[in-house]
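Turn these sequences into a full structure, and let the hints steer you where they fit.
There are 6 protein chains.
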Amino acid sequence: MTSTYLRNRPEIETVIKRPAITMAIGAHPDDIEFGAGATLAKWSAQGAQIIFVIMTDGAKGTWDPEINQHLLAVRRQKEQHRAIDKLTSNGIVEFLDAIDGELTPTARRIAQVTSLIRKYKPETIISHDPWKRYRLHPDHRNTGFIVTDAVVAARDPHFLKELGSHHRPSHLLLFEADEPNYIEPLTPEYVQAKIDALMCHESQHETSMEIAGESTDEVTRFEKLVFAMAEKVGDKAGVSLGEEFHIINDI
Amino acid sequence: MTSTYLRNRPEIETVIKRPAITMAIGAHPDDIEFGAGATLAKWSAQGAQIIFVIMTDGAKGTWDPEINQHLLAVRRQKEQHRAIDKLTSNGIVEFLDAIDGELTPTARRIAQVTSLIRKYKPETIISHDPWKRYRLHPDHRNTGFIVTDAVVAARDPHFLKELGSHHRPSHLLLFEADEPNYIEPLTPEYVQAKIDALMCHESQHETSMEIAGESTDEVTRFEKLVFAMAEKVGDKAGVSLGEEFHIINDI
Amino acid sequence: MTSTYLRNRPEIETVIKRPAITMAIGAHPDDIEFGAGATLAKWSAQGAQIIFVIMTDGAKGTWDPEINQHLLAVRRQKEQHRAIDKLTSNGIVEFLDAIDGELTPTARRIAQVTSLIRKYKPETIISHDPWKRYRLHPDHRNTGFIVTDAVVAARDPHFLKELGSHHRPSHLLLFEADEPNYIEPLTPEYVQAKIDALMCHESQHETSMEIAGESTDEVTRFEKLVFAMAEKVGDKAGVSLGEEFHIINDI
Amino acid sequence: MTSTYLRNRPEIETVIKRPAITMAIGAHPDDIEFGAGATLAKWSAQGAQIIFVIMTDGAKGTWDPEINQHLLAVRRQKEQHRAIDKLTSNGIVEFLDAIDGELTPTARRIAQVTSLIRKYKPETIISHDPWKRYRLHPDHRNTGFIVTDAVVAARDPHFLKELGSHHRPSHLLLFEADEPNYIEPLTPEYVQAKIDALMCHESQHETSMEIAGESTDEVTRFEKLVFAMAEKVGDKAGVSLGEEFHIINDI
Amino acid sequence: MTSTYLRNRPEIETVIKRPAITMAIGAHPDDIEFGAGATLAKWSAQGAQIIFVIMTDGAKGTWDPEINQHLLAVRRQKEQHRAIDKLTSNGIVEFLDAIDGELTPTARRIAQVTSLIRKYKPETIISHDPWKRYRLHPDHRNTGFIVTDAVVAARDPHFLKELGSHHRPSHLLLFEADEPNYIEPLTPEYVQAKIDALMCHESQHETSMEIAGESTDEVTRFEKLVFAMAEKVGDKAGVSLGEEFHIINDI
Amino acid sequence: MTSTYLRNRPEIETVIKRPAITMAIGAHPDDIEFGAGATLAKWSAQGAQIIFVIMTDGAKGTWDPEINQHLLAVRRQKEQHRAIDKLTSNGIVEFLDAIDGELTPTARRIAQVTSLIRKYKPETIISHDPWKRYRLHPDHRNTGFIVTDAVVAARDPHFLKELGSHHRPSHLLLFEADEPNYIEPLTPEYVQAKIDALMCHESQHETSMEIAGESTDEVTRFEKLVFAMAEKVGDKAGVSLGEEFHIINDI
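Residue numbers (numbering that gives the first Met the number 0), protein chains in the order written: chain A, 0 to 250; chain B, 0 to 250; chain C, 0 to 250; chain D, 0 to 250; chain E, 0 to 250; chain F, 0 to 250.
These are calculated hints, taken from the structure and not from any lab test. Backbone N, C-alpha and C define an ideal beta-carbon position, used for all residues, glycine too. One thing to keep in mind: the hints can contain errors.
Unchecked claim - Pair by pair, the computed Cβ-Cβ distance ranges are:
id, chain 1, residue 1, chain 2, residue 2, range
1, A, G237, B, K231, 35 to 43 Å
2, D, D63, E, D63, 52 to 60 Å
3, E, E209, D, E230, 51 to 59 Å
What the hints assert, rightly or not - Under the rule of at most 25 Å between Cα atoms (straight-line distance), these lysine to aspartate or glutamate pairs were calculated in the DMTMM-like manner:
id, chain 1, residue 1, chain 2, residue 2
4, C, K131, A, E178
5, B, K118, D, D63
6, D, K235, F, D177
Structure follows, in structure tokens:
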């Protein structure tokens, strides 16, 4: 039993100490941008080093049955690189290349993420909330459990000893949370960076952003929507704009 | 990331457009009737084609240690056929015959349900809510996750290509939900059809319906109970009778 | 479908009939004491026989990378024996010795717990709530699902027939619950017995109890904390001290 | 390392001491009769108690796509009972009822067979040779590995302690062996008993015995074939009739 | 038990009836060409339709750590298409795109190959011998077992019913066999077609064919080697050139 | 396809170039000594660095049901250290501590051994032959397949990239081989070192070496047996003493 037993859950928070190294782990290219793009842009501007980990190759992310999946995977890697450049000037990305839609929380995957946590030693880790209800895509749930299991493994010295010395992150932030308890206050420039990063995922405009074609109207509509959501989240914490997470500080 | 991100969750709803083809997927014979029997009877009366999928053979559904399980499985198939005939005049049933109590959400099972979704192309799918807390039977949880994973696989053209062309259902309704957000308004005839269907599962009278023996009193007591629950659910939506679900419309 | 469908969930309860035989199942040595130590001490004083089942060997429970894990496992077994003696004079313990941190809810593990339930025939079973959100350690979640699956298997006569005749417990109490609905009223002597039992797990003082060294101050601080939590829980049910659970009575 | 290292492999043997208790483990109903029917008839006549274990329900053993599999399983259980009565007057049979064609060598299955070995405490165990090449049906290979793994588990006191006290068989005989080293000498009455037992599996006449219809000619042809094979095997050991196995005596 | 029991194993054969439809299943691009390229060229010339199934994406088939694996996969698909065109004018290819090096014989993979067998209904299937000793690459062994399991599943009407109606191939030929019992007689043009097909896999020249660079000498050396092997195999059956297999005719 | 296709299998060999770094991988403490103890002693004397990898904790290696398994594991670690000191003056040992008897060839285990191969970069790897027939203990078979899979993964640059840069061993030697093709010539001092190392495993004297008690006679008998086997093996290659392996040089 960890020491969590001894503590009360925090109320809604809005400030954590400036993170020096942050690792964001998403199921597919574009998931991190949707969940935490503006927060990462802000932290990067404050000097943080951001590591992006993409669990799957994203090769099923299309409605077009004729697309070659390997070429789609290559295209999405390039889009991901461009998106990262919108959020931070010195981002690092690791593609784990699991088959899109077939990610499972195996010991192998947990070891892989544990290895990356021990390599980069992030203070803060950001990923999908595995406990979220009524979210259909299994890759999101499975990424979340891979990450929570890997955090436990990474912090304890006797787990997976062959994967380097242990490292205990200070914070785990989960996006897509049913029970958010942390809101990162944002300014418009960071929300705009998030939008700019999302727009780099051109292969996903139709399927994930409902932007059909290239018309300015569609893009403008999408931008307004992202700003509206950031406002709605910000309202909960009394700030103008925000992204929300469930934060776990007792790791 | 699917387009769910861009939308708000619906409030409690009570009307979906009349479903032409509906697939109901239950862990054992009788689970569909408990969860959605009246709703299916209503939709059938409105012209819908109903496909019933029974994941396990139900061969452990008895308190009698001496029963031959294969014969119990045969008996329960017959009961299921009779129950369907109480709900709809042209029902179709697929028995997947997993071993009762040992259902696991493997890639094989997900592919099997994906195959059926692509074969019948239902607009609406009904099954167990996998996120429900404090429900002990693992077959119910596992059926729920098999179905949610299969819905994602069925809708995307590059999943399981050998299993026919993709199909995107419009609605997923989950019964046994901790967070219901959809109530189907019912009239007494449909609740009665549900009761009639449940009564066809004679092998389950003792274990699942607490009807000991054949006395009219016991049956009447059971009928009153089912009506009382339909009233209680209906109250939540301001209708006289109802069955409740968590509905997911962004698939 | 079990008969749960026919019943309403109980409100918060505070009394169950005096349990003659109780089985408590924890992921690691010390988890049972944290979750239900005072309750078990009380029931034992009232004449109950308590069976303790420890799923893993606890061999990763240290921050010291140099410790030999086999020796740590031996030490923790001894600590567990001593802790049990603080709670009950005739406790029985079964060590299942899964590798700490690698417990998975396999058919093998479920069969193992089913076997123990059928051997000892407890009226009441106590374990981790598998549905709890935002608890990181996977062994806790996995222990919970192993137990809930084993309860279903143990109660039905056709499951795992080679493992002895079936047994249906009357109550399942889950600690670490997000939705507690049962509070056991306690007196100070039982809370003190819980503390005494926890103090026996000396190898865990630093990692789980944040007691650094042997100073009386640290121990006093920890004791106050445990009493404070018991008071806070007791308040919910209008009693002075308590431990809380989610209880399931329809098994 | 077991003591096998210290011994040479036996040459072809033809006599083992009269077995008091023998357990024969087959993938499907009829497999034991094909592999060891005459041997078991002989040993039973000499006073041995024979335990038959049938791993799968045999429900796919037909070329008729319209057959109800549960009814086929029931039919095959009856056939198996009748076949056993041709071989021995006091046979015992355990049906493990895995799904035909989907048997896998999981920890659960190994525990199940271990449990039976410890329950009946056979001196001799007979099953499929898992190392045989160029045999297509995976149930045969998997049964073989389940049995060899279970023999190791059953013999050692610390394996699967919840499944009763350990038992070390003296001999393991594997039929379908590429490297037979043991031939059981037979007389015609035992070969005839084997044929009589095989003929009880009427549902398999067409698929496994190539007996189409009920004509005496077909049956006679089949009988001659079985006798011819027993002669061919007997020749290898200088006896008139025989069944062959790979025997392992260092267990 | 299949009817194999009733038959003797065939001696070395050299002629099977002209196959109308043949399915060749290899672990990686180029494996089929190595194992059966000349045979397929011959059968195609005789009028057979050839279906090529490639289990993995081949994306680890390089010694260059800097190569993008998705681009390598695309390149190897193109090479495979060109190689097929050297063997047959109307070849069909199915890429199953498992991750190179991580192929496992899961129920999902077996179902996938079963599905293809039922779709194309080949008389003859060619693949890796799973029983071969001392071959290191696990993808070859696993492909072999996936294929043998799928052949059993495909032929029986009650297996995997959702995957189309059953189909029983007449012959299974396994290359890389330790116990070859079938040799296909060849003429030089077919061996040359095999070499031409292999040469299309340019990305593999260094790693699999030990052809460093583009010099004519290296290629000539490789061609001589392939001819020398075909002669050596042919010698066993008294023909000038051949490829060898273990053939199974009782399916 | 690897380049193996292009080469003939070697005949029986007796000399490989002096190995600088050798990794020996055994299922339990004492397996390496039985299989290759004298060879390792010889190579160490010639200057090689030897790495010992022990897959399981050996905690089931006793006939005494009362032994505490954790204490037995500790004892066997100490015995292993002493045994290594008999074979080499600067041996390194890695205990992977899988549960004895439950080793399975999972991706996790393969990654673990891959990691060690890349860390120590051995020229030669020695382990169990996974293809050996009629050896009952599954840990030996599974260790063999874990090692062969890990050798493939370790050598290729795109496998398990998070586990360090790739390394290609030159030789894989498999003991317990049905088809030995390599014999290491030995002198009596190395066979004596093997015996001395085996004698260090005192906990195994009864179960694996059939040495009951401490009498000099029993030990002498055992020593004679080991020398007799070394002579028998040596005979095959025309040398006085030897240990035999199946060697694979095309990795």
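Here's how the hints hold up against the structure:
1. A:G237 - B:K231: 35 to 43 Å: Between G237 (chain A) and K231 (chain B), where Cβ atoms are some 39 Å apart, the hint holds.
2. D:D63 - E:D63: 52 to 60 Å: At 55 Å between Cβs, range holds.
3. E:E209 - D:E230: 51 to 59 Å: holds, 52 Å
4. C:K131 - A:E178: holds, 12 Å
5. B:K118 - D:D63: holds, 23 Å
6. D:K235 - F:D177: Holds, at roughly 23 Å.
The structure shown violates none of the earlier numbered hints.
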